[in-house]
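S.K.: As a plain string of letters, each chain reads:
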Amino acid sequence: MNWLRNRWYQAGWSDEVTTDTPLVRTILNEPVLIWRGADGAPAALFDRCPHRFAPLSAGRIEGDRVTCGYHGLAFGRDGACVANPHSPITSRMNVKSYAMAERHGALWIWMGDPEHPDAADIPALTFIDETPEKARIRMYMPTRANYQLLTDNILDLSHADYLHPTSLGGMMTHAKTSSREEEGKIIVEWQANDCVPPAAFKPLVPAGSNADIWIEVTWQAPALMILGTAAVVPGETRTAADESWTLHNMVPETCTTTHYFACSTRRFLVDDEGFSAMLRGALERAFLHEDKPMLERQQQAMGTDDLWALGPILLPIDAGAVRVRRKLDALIVAEGA
Amino acid sequence: MNWLRNRWYQAGWSDEVTTDTPLVRTILNEPVLIWRGADGAPAALFDRCPHRFAPLSAGRIEGDRVTCGYHGLAFGRDGACVANPHSPITSRMNVKSYAMAERHGALWIWMGDPEHPDAADIPALTFIDETPEKARIRMYMPTRANYQLLTDNILDLSHADYLHPTSLGGMMTHAKTSSREEEGKIIVEWQANDCVPPAAFKPLVPAGSNADIWIEVTWQAPALMILGTAAVVPGETRTAADESWTLHNMVPETCTTTHYFACSTRRFLVDDEGFSAMLRGALERAFLHEDKPMLERQQQAMGTDDLWALGPILLPIDAGAVRVRRKLDALIVAEGA
Amino acid sequence: MNWLRNRWYQAGWSDEVTTDTPLVRTILNEPVLIWRGADGAPAALFDRCPHRFAPLSAGRIEGDRVTCGYHGLAFGRDGACVANPHSPITSRMNVKSYAMAERHGALWIWMGDPEHPDAADIPALTFIDETPEKARIRMYMPTRANYQLLTDNILDLSHADYLHPTSLGGMMTHAKTSSREEEGKIIVEWQANDCVPPAAFKPLVPAGSNADIWIEVTWQAPALMILGTAAVVPGETRTAADESWTLHNMVPETCTTTHYFACSTRRFLVDDEGFSAMLRGALERAFLHEDKPMLERQQQAMGTDDLWALGPILLPIDAGAVRVRRKLDALIVAEGA
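Protein chains in written order, with this note's numbering: chain A, 2 to 338; chain B, 2 to 338; chain C, 2 to 338.
A portion of the hints provided could be inaccurate.
Pairs count within a copy or across copies, as identical chains cannot be separated in the list.
When the alpha-carbon atoms are kept at most 35 Å apart in a straight line, the in silico DSBU-like pairs for lysine-lysine are as follows [said to hold, decoys possible]:
#1 Lys-97 - Lys-177
#2 Lys-97 - Lys-293
#3 Lys-328 - Lys-97
#4 Lys-135 - Lys-186
#5 Lys-328 - Lys-177
#6 Lys-203 - Lys-186
#7 Lys-97 - Lys-186
#8 Lys-293 - Lys-203
#9 Lys-135 - Lys-97
#10 Lys-97 - Lys-203
Note that these hints are calculated values from the structure, not bench results.
Make the full structure from the sequences, and use the hints.
M.R.: And the structure:
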């Protein structure tokens, strides 16, 4: 499997790594040791000593320095050897390091060409920053399925009518939908008017009222999606205050497993902790009990076969997901050229 | 591994599938969803939606209709799409269906060319139908060994002297044996005269008496065997009333695992429930505690190697099993041609 | 992976196999059944019947004879068929046997050319025989890592400073070290003078005293090492009475798992059972809690890749281990020629 490498991938949520708690996480099949250095900023090294291939995470971390637990070689956050108790340090004694950044409450890792990490390319998730902490719901949901199956799942929201019929769906199959590309991003939009709102949208309109529901997913390579939703009384015009924005970010762990990071934000009921708790419960239930088992069984049924090799029947609801898969394939080919 | 496909395979016992209880069973490496349709008759579909490869068994079954739980496509018992909420149905939107039949208390599935299932080819197991329910003992014993190792086990009953010396064997090694072919079936026969009967045969002759024991196995492709046995006082002539008939049917799940279906019947003591319970216990003990561990260790020792590739030493006792293996190989080659 | 075959490998400790307790152990990827024959001497057969490949260990052992539990073929300790209930015995009906020997409290198995086992080639471990039983500490520590990683671990004792800093190390990195070859054996030696002794050496010098510590490892192919140690008051000359000798013998089970046999002996405090108990605890803790997890994680990080294919950075501390790896590679190549 070829990955798109010259991208910032989310390595975790900021609070997953503290000064006392490093993290070992496999990303694009590479085991990475992530920790906070002397200044608290995240650092990352390939988790394998270049001497005898012991995992560095089995050693000791002090400030910016990681010491291998097997023979005492130490490396700085840039991967250069900073201590070798046994002989002079040479330039070959280094370990692959990864540029790291912290933004929007998340840790970002650059998996590509070490010459070209540019913090300006970190996905802009300003909607998270603009949301009060109380109205942010962050989740980490590791899943035994290829990341593109998880992308498909978000880009084809008609599935909500079947997999989440009362909580999230019911109106998607007959919603008006379209997709477009803007500056390399692909945007899929749904509009369902005068429909009975599912449970997640009910609190947004008066009791018993129908709703106009708008949903939009903006995908950017390789697998980061921002989902916007709003429900208003039929015929009313939605405003920014009606909108919820949720991050759905699929980070490949291996070919068949994915780190799924999600963050729900909203611009209403921001201080309502009861609503937050209810919403977190609903989101987790939907994914953990409904999507995740389906995605994992889908992956099992597909084995190691590629989606296209299996000749799927394509439906109109796949338009957005297929557009995204083709775009991603082209980006990977272009990067390899 | 090549399978013989144009055959009816036993998919289960009738009572394994009820209106409320569908069954997912892998047969010849294919996951199959088996259920009872509107009329109670068994139906079977390849357990994978042709759209996104979700297992249909993760969806909903209503009468003759199976609805995928992911995007709501529905299929009839013939595999044709009967509902697509997203776009017009086309002829490509179908899933592989399997002809099913129910006979002799068992469910039968046709794994071959969809044009040619003929119910007349279902193995004739009239001895089961002719046996009162109380005198039938049905078993399902999944085993982690290739189905041909299980076939060998039944065709070479001399193993009973070593693996089941007091319960079933003791007289087999020195029995007269022969094999013959009749109408594509291979029949192996043993006759042990004036021998001390093992526990399973003891109740069939007066206490303390020796016995003449007759055993016959009739194999038909790919791996269904009917085993007949009788014990009479030495010198007496056996009649139909003395006979027990047992089905031993080995259905490949994967290359290294087998669905083993067995059904013991008898023409004596048919109302004796105590005898039935004793016999079931003895049969299960013999297989589960003696044959199955041996077969599974044999499979482990052989790994993925073919029997012939390992160069087994052949003995006269292997004559029947080897004849069957060669016949089956020839049938598979002929079918592929 | 190619093995060096024409060598005696340790198959176990003598007390692992009794008249009543046979042992099945995989050595160089071959499953071997080891038992004590009629005269109490160890015998060994490939654990697979040549008839149908049932494991002989699932059968019955009586004296020098092993009877297959599936069809009753019996084999002698030389592997020749001694009973076939079904037909005349032929010369093809034999199973691979292994020459066995018992010496130094251990069982030895010849894995090579059956024509050439010579008991004179059994590694000489007279230091074990010369040690009173009370002062011998035998261990068997199966490990999920390639045997050469375990060899490296013993040949590069500088790791003790990092993995066992207070119990065994602290003075190794700055010790004087050298390696030499003598009669096909490779000897690596360390001398650390006037150093603070780690816990394992403290009892050997007066309380509070520094120590001169001497360590020597003598490797012989394929992976047997004898480690000698002594600690004396700085400036004193060590005598034989100061020495401890420990066997570290790495026997390949598979490419990624190893039977690790160790035996500690000493020439002081030989009757002190408290010291023995303390020492066993310390040795087991060091290996099971410190070396073994590191070696197993090292193996995991390396996967099935060869050490050289991964391009390790070599340090002076690797000199002995690399010399041994090259010697072993050459021996394997020579044997194959």
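S.K.: Find the hints from earlier in the document that the structure breaks and name them by number, from lowest to highest.
M.R.: 9, 10
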